[in-house]
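Participant: For reference, the chains in residue letters:
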Amino acid sequence: MSRKIYMILSVLLIAAFAISACAPQATAAPDRPAATDAPAQPAATDAPVATEAPTEKVTITWWHISTADEHKAVWQKMADDYMAAHPNVNIEITVLENEAFKTKLTTVMQSGEPPDIFQSWGGGVMNEYANAGLLKDITADLDADGGAWRNTFAPGALGVYAYKGENYGVPWDMGMIGFWYNKELFAKAGIAAPPTTWTELLEDVKALKAAGITPIALGEGDKWPGMHMWAYLVTRLGGKANFEGALLRTGSFTDAPFVEAGNKLQELIALEPFQDGFLGATYGDEATAMGNGKAAMELMGQWAPAVEKDNSEDKKGIGDNLGWFPFPMVEGGAGDPGDAVGGGNGFAIGKNASPEAIDFVKYLTTAGAQQALVKINVAIPVVKGGEVGMSDPLMITLQQSLAQAKYFQLYYDQALPPAMGSVINDSVQGIFAGTLTPEQAAQAIEDAAKQELK
Amino acid sequence: MQSLPAIPNILKLKKGTGSPRNFRDNLIIFLFLLPAIILFLLFVVYPIFQSIYYSLFNWKGFGPAVDFVGLENFKNIIKDKVFLIALRNGFLIIALSLFVQLPLSLMLAVLVGRDLPGRVFFRMIFFMPYVLSEVIAALMWLFILNPDPERGFINAILILLPGVKAQAWLGNTDIVLISVFAALTWKYFGYHMLLFLTGLQNIPQEVEEAGRIDGANTFQNFFYITLPLLASTIRTSVYISVLGSLQQFILVWIMTKGGPVNASETMATYMYRFGFVRFQLGYGSAVAIYMFLICLVFSLFYQRLTRQPDYLTGI
Numbered sequence: 001m002s003r004k005i006y007m008i009l010s011v012l013l014i015a016a017f018a019i020s021a022c023a024p025q026a027t028a029a030p031d032r033p034a035a036t037d038a039p040a041q042p043a044a045t046d047a048p049v050a051t052e053a054p055t056e057k058v059t060i061t062w063w064h065i066s067t068a069d070e071h072k073a074v075w076q077k078m079a080d081d082y083m084a085a086h087p088n089v090n091i092e093i094t095v096l097e098n099e100a101f102k103t104k105l106t107t108v109m110q111s112g113e114p115p116d117i118f119q120s121w122g123g124g125v126m127n128e129y130a131n132a133g134l135l136k137d138i139t140a141d142l143d144a145d146g147g148a149w150r151n152t153f154a155p156g157a158l159g160v161y162a163y164k165g166e167n168y169g170v171p172w173d174m175g176m177i178g179f180w181y182n183k184e185l186f187a188k189a190g191i192a193a194p195p196t197t198w199t200e201l202l203e204d205v206k207a208l209k210a211a212g213i214t215p216i217a218l219g220e221g222d223k224w225p226g227m228h229m230w231a232y233l234v235t236r237l238g239g240k241a242n243f244e245g246a247l248l249r250t251g252s253f254t255d256a257p258f259v260e261a262g263n264k265l266q267e268l269i270a271l272e273p274f275q276d277g278f279l280g281a282t283y284g285d286e287a288t289a290m291g292n293g294k295a296a297m298e299l300m301g302q303w304a305p306a307v308e309k310d311n312s313e314d315k316k317g318i319g320d321n322l323g324w325f326p327f328p329m330v331e332g333g334a335g336d337p338g339d340a341v342g343g344g345n346g347f348a349i350g351k352n353a354s355p356e357a358i359d360f361v362k363y364l365t366t367a368g369a370q371q372a373l374v375k376i377n378v379a380i381p382v383v384k385g386g387e388v389g390m391s392d393p394l395m396i397t398l399q400q401s402l403a404q405a406k407y408f409q410l411y412y413d414q415a416l417p418p419a420m421g422s423v424i425n426d427s428v429q430g431i432f433a434g435t436l437t438p439e440q441a442a443q444a445i446e447d448a449a450k451q452e453l454k
Numbered sequence: 455m456q457s458l459p460a461i462p463n464i465l466k467l468k469k470g471t472g473s474p475r476n477f478r479d480n481l482i483i484f485l486f487l488l489p490a491i492i493l494f495l496l497f498v499v500y501p502i503f504q505s506i507y508y509s510l511f512n513w514k515g516f517g518p519a520v521d522f523v524g525l526e527n528f529k530n531i532i533k534d535k536v537f538l539i540a541l542r543n544g545f546l547i548i549a550l551s552l553f554v555q556l557p558l559s560l561m562l563a564v565l566v567g568r569d570l571p572g573r574v575f576f577r578m579i580f581f582m583p584y585v586l587s588e589v590i591a592a593l594m595w596l597f598i599l600n601p602d603p604e605r606g607f608i609n610a611i612l613i614l615l616p617g618v619k620a621q622a623w624l625g626n627t628d629i630v631l632i633s634v635f636a637a638l639t640w641k642y643f644g645y646h647m648l649l650f651l652t653g654l655q656n657i658p659q660e661v662e663e664a665g666r667i668d669g670a671n672t673f674q675n676f677f678y679i680t681l682p683l684l685a686s687t688i689r690t691s692v693y694i695s696v697l698g699s700l701q702q703f704i705l706v707w708i709m710t711k712g713g714p715v716n717a718s719e720t721m722a723t724y725m726y727r728f729g730f731v732r733f734q735l736g737y738g739s740a741v742a743i744y745m746f747l748i749c750l751v752f753s754l755f756y757q758r759l760t761r762q763p764d765y766l767t768g769i
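In order, the protein sequences belong to chains A and B. Each residue of the first sequence is one higher than the last, beginning at 1 in the numbering used here. Each residue of the second sequence is one higher than the last, beginning at 455 in the numbering used here.
Any given hint could be a false lead.
Facing chain B, from chain A, some residues (calculated, C-beta under 7 Å) [unchecked claim]:
| # | residue |
| --- | --- |
| 1 | Ala68 |
| 2 | Ala132 |
| 3 | Gln414 |
Away from chain A, derived, C-beta distances all over 12 Å, residues of chain B [unchecked claim]:
| # | residue |
| --- | --- |
| 4 | Val536 |
| 5 | Ile611 |
| 6 | Val661 |
| 7 | Tyr678 |
| 8 | Ile688 |
| 9 | Leu735 |
Straight line, CA to CA, 27 Å or less: simulated DSS-like cross-link-like pairs of lysine-lysine [as the list claims (entries may be wrong)]:
| # | chain 1 | residue 1 | chain 2 | residue 2 |
| --- | --- | --- | --- | --- |
| 10 | A | Lys450 | B | Lys619 |
| 11 | A | Lys209 | B | Lys535 |
| 12 | B | Lys535 | A | Lys72 |
| 13 | B | Lys619 | A | Lys206 |
| 14 | A | Lys57 | A | Lys362 |
| 15 | B | Lys619 | A | Lys104 |
| 16 | A | Lys454 | B | Lys619 |
| 17 | B | Lys529 | A | Lys188 |
| 18 | A | Lys188 | B | Lys619 |
| 19 | A | Lys315 | A | Lys188 |
| 20 | A | Lys183 | A | Lys375 |
| 21 | B | Lys619 | A | Lys102 |
| 22 | A | Lys362 | A | Lys77 |
Keep in mind that the hints were calculated from the coordinates and are not lab data. No experiment lies behind these values; they were computed from the predicted model shown. We put the beta carbon where it would ideally sit given N, CA and C, even for glycine.
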């Protein structure tokens, strides 16, 4: 009797062994070959999908970071409408908060399983993914029918999503960073007009402080909000030639404008213009302070009004009291006062995306879809005809400033490789905290550049 | 003490070899262990070797690792000031845990272990933070420590006191580590309290009673009887606490991301930053190897140091 039990147990265990021994091979094996093969022969893997797909049910995975209620609802409606028109398509949406998105995306990318459609800012990070064969080249789709899709886009915006001449994504928004300010608080401090020079900005900060108002809201715990301030100073001081020199390695990130930007930033920091605890605050805290009328200005991109609204207590923000002015010119700087630092939002296409996913992205970037976004003020349109119905005066001002910019600088933390972007963010935070001198920060960035920009 | 003579017998049984009966026993033991061993090898041992392999490369985490750099990553890590800050913070958290968190837990365990009225209620309350997920605990503390007195609970109370100003608990490089440690203590003291409670329950009442009859006061009773008899529990607690401190990640990452300017960096957040934010997985793997070695050395050293078998000190 007992012998039989032993026998059965042994057989079971051997079976368990066999199964568990098989499992690792099944999971571990495709990991590496897939990643190595994909870039080499993309055509071979694409072809069968294209022929089989239309007859079958297709699921599209879509990750976006538009957490504001109104915006989220617009995306959801577009997905619902598309699914209604294409019953064989099922769209699975994952909404993620900005920082959480970056983390989660990195993880799925490293396991080689990107979502079909996901938020992207183009530039260095996207290039990294494209280089690893994790994205789908959609150049052919853009050029189909004599470039019918391609020609709808503003070329500059589309270019941000191209790497070595091939497009791996498309934009749905392109804007610039500038100062959003609270007109009421400016008036209270006796400031007649928004500042146009760095010196005026410093004077206004002093006036606001004297009136007991927090001049600038800043979420420096997230690092990138403060980094933009430094980047803008570099752009104003050095202009196009300076940054391109450093990027192409004919110059260096220790060149005068990069250091001088740190010095200028220190002038501002010395006035203590930020809310208490700004070093540990998040961008959410920054938007909350602005939305609740607790701070007079913030330096932020075109999405700021929507986020301020969503983060404010009454979900209305500061309404008509909100104003916008471009980053002031810096006296003696080589950059043109009209030069813009900015960027936008777009969708990158994962390597496993089906033709339906690409078709859906096409739908997301139609003029009609753009108008829906414009209507709720969450995007500066990049598609011709998208600007119809653009009524918000601030957005129009911002769009015009952008159109007039002679030189457009994509956000540093997106234009450069991720390792460098991260070093810039960390180093500039060091300037804000007073633990790094402008020279040390510039040196740290240059050290990273030596590694990354070979 | 009665269990002592039984031990040599067990050893003898183990040594007896050769009989078919024992061979079959061993085979069965082996077969039963097999699934666990396979899983262990697969999910613990294999990744360790994989990390060692990747730590020798300059690798971004996508595709195969090709840029072999030898021990370059390891050299750069110990030269990096931020890693040294992370290391220092790790040891600071260990010190604070051992000298603040554990004594506090022990004190509470003694309190709620006695015939205190409502002790079951307090036990439950004290243990509750441990049941919460780390993410929720971190978010809660983010709210509690908010620098704006209108939003942060602690600052709201502080400004009611005369002459006290609101503090940027997580935005000030001097106090951020203490703030994080407060959250850590709040989260884990209940767990250690529970360990101590179990330890206390294993101490026979008679021993303490005998002490009392012999004229020992409460403090003497505690320091000369209770504490020595708790030694094995304390050893476990210290061990868990040290390893937990060295690997602390979730709470720190959510509350401060290791900031501001690395003031609350731990080895785990440092590793994560390189592996998943900067896309330098080779470098991150090398950090992981350092963490592994530090934990391993501590474990071996600690076990040697406290090798005295439990049955000689405990009852």
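Participant: Could you run down the list of hints and mark each one as holding or not?
Facilitator: A quick look at each hint next to the structure:
1. Ala68: Violated. Min distance 20 Å.
2. Ala132: holds (3 Å)
3. Gln414: Nearest chain B Cβ about 14 Å off; hint violated.
4. Val536: Valine 536/B not clear of chain A: closest Cβ-Cβ about 9 Å, inside 12 Å.
5. Ile611: Non-interface label on isoleucine 611/B holds, nearest chain A Cβ at 16 Å vs cutoff 12 Å.
6. Val661: holds (45 Å)
7. Tyr678: holds (46 Å)
8. Ile688: holds (35 Å)
9. Leu735: violated (7 Å)
10. Lys450/A x Lys619/B: violated (45 Å)
11. Lys209/A x Lys535/B: Violated, because 36 Å separates the two Cα atoms, which is more than 27 Å.
12. Lys535/B x Lys72/A: violated (42 Å)
13. Lys619/B x Lys206/A: holds (22 Å)
14. Lys57/A x Lys362/A: Answer holds: lysine 57/A to lysine 362/A is near 19 Å, not above 27 Å.
15. Lys619/B x Lys104/A: Violated: lysine 619/B and lysine 104/A sit about 39 Å apart, past 27 Å.
16. Lys454/A x Lys619/B: violated (50 Å)
17. Lys529/B x Lys188/A: This hinted pair is violated, its Cα atoms lying about 56 Å apart.
18. Lys188/A x Lys619/B: holds (25 Å)
19. Lys315/A x Lys188/A: holds (24 Å)
20. Lys183/A x Lys375/A: Within the cut-off at roughly 23 Å; holds.
21. Lys619/B x Lys102/A: violated (36 Å)
22. Lys362/A x Lys77/A: holds (15 Å)
Violated hints, in rising order: 1, 3, 4, 9, 10, 11, 12, 15, 16, 17, 21; the structure is consistent with all others.
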